[in-house]
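Once you have looked at the hints, place chain B on chain A.
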Amino acid sequence: MTTCEVWGDRLQGLIDGELDAAHAAEVEAHLATCADCAADYGAALQLRGALRAEAVYARAPDRLLARLDAAVSAATAPVSLRKPAARPRERAFWAVGGAGAALLACAALVLGLVPVMQTADLEHELVASHVRSQLAGHLIDVATSNQHVVKPWFGGKTDFSPPVVDLVDRGFPIVGGRLDYLDGRTVAAVVYRRGRHVINLFIWPDAHPLGPGEAKPGDGYTLLHWTHGGMTFWAVSDVAEPDLETFRSLLQARTPG
Amino acid sequence: MVAARSHTWSAKSSSRLSMARARPPAATRSPAKGTRIEASAVTAPAGGPLTPDEARRFRAVVMPHADAVYNLALRLSRRPDVAEDIVHDAYVRALAAFGGYRRGDGRSWILTIVRNRFYDWLREQRLKAAAPLGAPTDDSDDDGWDPPDLEQDNPEQALEKKSEASAVHALIDRLPPRLREVIVLREMEELSYREIAEVTASPIGSVMSRLSRARSALAEAWREREAEEALS
Numbered sequence: 001m002t003t004c005e006v007w008g009d010r011l012q013g014l015i016d017g018e019l020d021a022a023h024a025a026e027v028e029a030h031l032a033t034c035a036d037c038a039a040d041y042g043a044a045l046q047l048r049g050a051l052r053a054e055a056v057y058a059r060a061p062d063r064l065l066a067r068l069d070a071a072v073s074a075a076t077a078p079v080s081l082r083k084p085a086a087r088p089r090e091r092a093f094w095a096v097g098g099a100g101a102a103l104l105a106c107a108a109l110v111l112g113l114v115p116v117m118q119t120a121d122l123e124h125e126l127v128a129s130h131v132r133s134q135l136a137g138h139l140i141d142v143a144t145s146n147q148h149v150v151k152p153w154f155g156g157k158t159d160f161s162p163p164v165v166d167l168v169d170r171g172f173p174i175v176g177g178r179l180d181y182l183d184g185r186t187v188a189a190v191v192y193r194r195g196r197h198v199i200n201l202f203i204w205p206d207a208h209p210l211g212p213g214e215a216k217p218g219d220g221y222t223l224l225h226w227t228h229g230g231m232t233f234w235a236v237s238d239v240a241e242p243d244l245e246t247f248r249s250l251l252q253a254r255t256p257g
Numbered sequence: 001m002v003a004a005r006s007h008t009w010s011a012k013s014s015s016r017l018s019m020a021r022a023r024p025p026a027a028t029r030s031p032a033k034g035t036r037i038e039a040s041a042v043t044a045p046a047g048g049p050l051t052p053d054e055a056r057r058f059r060a061v062v063m064p065h066a067d068a069v070y071n072l073a074l075r076l077s078r079r080p081d082v083a084e085d086i087v088h089d090a091y092v093r094a095l096a097a098f099g100g101y102r103r104g105d106g107r108s109w110i111l112t113i114v115r116n117r118f119y120d121w122l123r124e125q126r127l128k129a130a131a132p133l134g135a136p137t138d139d140s141d142d143d144g145w146d147p148p149d150l151e152q153d154n155p156e157q158a159l160e161k162k163s164e165a166s167a168v169h170a171l172i173d174r175l176p177p178r179l180r181e182v183i184v185l186r187e188m189e190e191l192s193y194r195e196i197a198e199v200t201a202s203p204i205g206s207v208m209s210r211l212s213r214a215r216s217a218l219a220e221a222w223r224e225r226e227a228e229e230a231l232s
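Those sequence lines, one after another, are chains A and B. Going by the numbering used here, the first sequence opens with residue 1, and the numbers climb by one from there. Going by the numbering used here, the second sequence opens with residue 1, and the numbers climb by one from there.
To be clear, the hints were calculated from the coordinates, so they are not data collected in a lab. Everything numeric in this text was worked out from a predicted model, so none of it was measured. Don't take every hint at face value.
[Stated by the list, open to error] Label pairs and their computed distance ranges (CB to CB): (1) B/230 - A/62: 37 to 43 Å; (2) A/168 - B/123: 17 to 23 Å; (3) A/205 - B/204: 49 to 55 Å; (4) B/232 - A/166: 25 to 31 Å; (5) B/100 - A/161: 26 to 32 Å; (6) A/17 - B/230: 19 to 25 Å; (7) A/49 - B/127: 37 to 43 Å; (8) B/57 - A/24: 37 to 43 Å; (9) A/155 - B/60: 28 to 34 Å; (10) B/232 - A/17: 32 to 38 Å; (11) B/230 - A/54: 21 to 27 Å; (12) B/57 - A/17: 41 to 47 Å.
[Stated by the list, open to error] Under the rule of at most 25 Å between Cα atoms (straight-line distance), these lysine to aspartate or glutamate pairs were calculated in the DMTMM-like manner: (13) A/157 - B/124; (14) B/128 - B/67; (15) A/157 - B/164.
Yeah, the Cβ is synthetic: ideal placement off N, Cα and C, and Gly gets one too.
Same shape as in the complex, but just chain A (with noise of 0.2 Å):
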C-alpha cells in the first residue's frame, strides 16, 4: 500500500467496505488507470483469501467449551434441584443393593418418582464423566505426577480447595487433575492410575453427606462414596473393588480432616 500514497487510504477504504457508493466509483475509476494501485489491490484481495481460509480460523477446543460452559454454570445462582426431603428415600432406595436397584429404577420411572431418580442421576453422571474422561484429550487438564502442582492448580477455579493426595507408593500414582461439573456444580477431578486402569476421584464440599461410604458395583464400573472433612468424595473406576476399597482407605488415612 505504499506505491500510490494519494490514493493508499482510500483504497485500503475500498478494499474494506468502508466507502459510500461515490467514493467507490471514484477509487475504481482510479484503479483502472494506475496499474500499481491495482496491483496493490490485487496483493489484498489475495491475502485475504488466504487469510479466510477456513483452515486458518482457529476454534475454540472442546475442552475449552466444556470449562467456559462450567464458568457459566458456576456463576449462575444455584437452582436446587435435589430437595433436601428427598434424602431419606434415597438412601432407602440405595439399601436395597444393586440388582434390585435397577429393577427399583424401572419402577421409579414408570411411576415417576422422580425424588428417587435424583441420586441415580449423579451416579450416572459419574461414571459418565469418567467415561468422557478417557475420550481423547479430556481425562486431565493439568498434567503432573506432582500432588503439589495439582493442588494449587485447582486453587484459582474451584471455590474451595480439595485435598490431594500422593499414593504413588502404593501403586496408585497421580496423573493429574480436572474441572468437571456434575450435580450442578463444578467439582474437582483428581486422576490417578492403578496399572492399566484409570481412577476418576471426583470431590466437592458437601453440606448435606450422604452417609457412610458405600460401594455401588455393576456395569463394569465400580463406584466408592465417602465424606471426610466436610468434603464429599467418589471414585469412580473399572479396577476391582477390592483395590478400589483399598484406595479409599488409604485416602481417607492419608487426607488431613
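Just chain B, lined up with the frame of chain A:
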C-alpha cells in the same frame, strides 16, 4: 447398561456444547454497526451470581463467540495453552461484569475483554523477561513488546511448514501484536473500522494505518513465500 450411560451422556453433552459454533459463512456475516461498548461494563466489579435468566442471556449473547474469542487469543498469544487460559479468564470476568452489560454487540464486548486479558498477560511476560522499563506501552501507537515466539526460531523454518494454514499462521505470528490484532479483527472477524477501534481502544486513524502496515508486511512475506516455492 454402560452403553446406555454413554449414550445418555452424549445426548447431554451435545446440548451443553451446542452453544458455540455460531460462525456463519463469511459471505453472510454482516457486522453490527455502531454499537457502543460501555467501558464500565467491561471493567465493572464482580456482581452477585447470575440469575437463571441472565445465564440464559449470557449463553445466547456471549457464548456463541467462543470461536472468535479463541481465534483472537491464539493469534495474539501464539500459544494454545495460554490462549485457552486467557479465554477462560475473559469469560470469568465477563460473567462477573454481565450484570452491568445491557445491550450492544456481544461479540465486540467479549473480544474487548479477551484482548485486555491478553495485554495483561503480555505485561506479566514483559516483567518476567525484564524488558527495559522504558519499553513502549499500550496507549502509544507503537507496535509493542512481544515475547519470543517459541515455535519460530527462524522465519525460514516457519515458512517451510507443510500446510498452507500453518504458513499463514506463521506469517501473522511474525507481525507485532498490534498489527496481529487488527488483521485478525478485520480479515477474519470482518469487524468494521469503528468496531476495531472500539475493541482495541484506538482512534480509527490508527486502526487504518496499522491495517495498512499489516497488509504491506503480509503481502511482502506472501510474495517471498511464493517466490521461494517457485524456486523449490
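Structure-based check of all given hints:
1. B/230 - A/62: 37 to 43 Å: holds (40 Å)
2. A/168 - B/123: 17 to 23 Å: violated (38 Å)
3. A/205 - B/204: 49 to 55 Å: holds (51 Å)
4. B/232 - A/166: 25 to 31 Å: Distance hint for residue 232 of chain B, residue 166 of chain A is violated at roughly 53 Å.
5. B/100 - A/161: 26 to 32 Å: holds (30 Å)
6. A/17 - B/230: 19 to 25 Å: violated (32 Å)
7. A/49 - B/127: 37 to 43 Å: At roughly 40 Å between Cβ atoms, residue 127 of chain B and residue 49 of chain A fall inside 37 to 43 Å, so the hint holds.
8. B/57 - A/24: 37 to 43 Å: holds (38 Å)
9. A/155 - B/60: 28 to 34 Å: Hint holds: Cβ distance 31 Å, inside 28 to 34 Å.
10. B/232 - A/17: 32 to 38 Å: Check passed, 37 Å falls within 32 to 38 Å.
11. B/230 - A/54: 21 to 27 Å: holds (25 Å)
12. B/57 - A/17: 41 to 47 Å: Distance hint for residue 57 of chain B, residue 17 of chain A is violated at roughly 31 Å.
13. A/157 - B/124: holds (20 Å)
14. B/128 - B/67: violated (29 Å)
15. A/157 - B/164: violated (37 Å)
When each numbered hint is compared with the structure, violations occur for hints 2, 4, 6, 12, 14 and 15.
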